[in-house]
Amino acid sequence: MNRVWTLRIGAAVVFLGLWEGLARSGLVLDTVLPPATEVFGRIQDVVTQSDFGQDVYASLYEVVIGVAIGALVGMPFGAFMGSSRYLYRLLDPLVYYVGAVPKIVLFPILILFLGTGVESKVGIAAISAAFPIAINTALAVQEVNPMHVKAAKSLGASRSQLYRFVYTPAILGPVLAGARLGLGVAITAALLGETKVANVGLGFRAIEYYSRLQIAEMYALLLIVFVGAALINLGLSGLIRRATHYQQQRVGAAASVA
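For the sequence shown, counting from 1, position 187 maps to 187 in UniProt numbering; every step adds exactly one.
Treat the hints with caution; some may be incorrect.
Unchecked claim - Beta-carbon label-pair distances, calculated as ranges:
| no. | residue 1 | residue 2 | range |
| --- | --- | --- | --- |
| 1 | E143 | L33 | 44 to 52 Å |
| 2 | S160 | T48 | 47 to 55 Å |
| 3 | T48 | I9 | 23 to 31 Å |
| 4 | T168 | E119 | 28 to 36 Å |
| 5 | F52 | W5 | 25 to 33 Å |
It is worth saying that the hints were derived from the structure and are not from the lab.
The model shown is predicted, which means the values in this text are computed figures rather than measured ones.
Where is the CB? At the ideal position from N, CA and C, for every residue including glycine.
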């Protein structure tokens, strides 16, 4: 772990050094790429703006609610899709091909149905998150050991007990991994939506800084978004490791029963 973090920190230092050197070299206009030191110096200005808290809240609301809706739709659909080889073969091409399409192309349709407020951004985040969650859930259900299912049934397990004690432990890790992917695309989709039609949010604020030629402030805001997303991703990675450990314990217990 220490070696990994050393490499990560080293890579970040090298990146920032290259950024600073390129910006100071004169090869790139400072209106395109301001020095990293200037960008870091503007972070305090950005976070102390009166609208910053409102922007953060709006973007977090859109992403969190969007991912929650995406999970509520994607997990049951993925479980249904993965419950049968026939259903999986039937739905797999459709889900993968539609899932590969950038969801931002659907944003004008969402505006027509949901308006230009926060609802359309929640909608695009939900659609974006639903696909990776559904795909990972379907794959996880397909990989559940049928011997464990048969063993549980032979012991008289009900359908609810089957899902609780066999399927849930087996699919927990992959589903959380799907949620991690879904969160990433939901953040991207929500912020892109804010750059199109919004009057609040981090995406809207980035475009506003750009339109005012406050490029250093724009980069500072994007850096804040990047760090925030990285911290959330780090937390989810920890949950996935715990879930994987739990999954291995439960699957091992089921295997001993089988």
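The hints, checked one at a time:
1. E143 - L33: 44 to 52 Å: Since E143 and L33 have Cβ atoms about 46 Å apart, the given range 44 to 52 Å holds.
2. S160 - T48: 47 to 55 Å: 52 Å, holds
3. T48 - I9: 23 to 31 Å: 27 Å, holds
4. T168 - E119: 28 to 36 Å: This hint holds: roughly 32 Å between Cβ atoms.
5. F52 - W5: 25 to 33 Å: 29 Å, holds
The earlier numbered hints are all upheld by this structure, with none contradicted.
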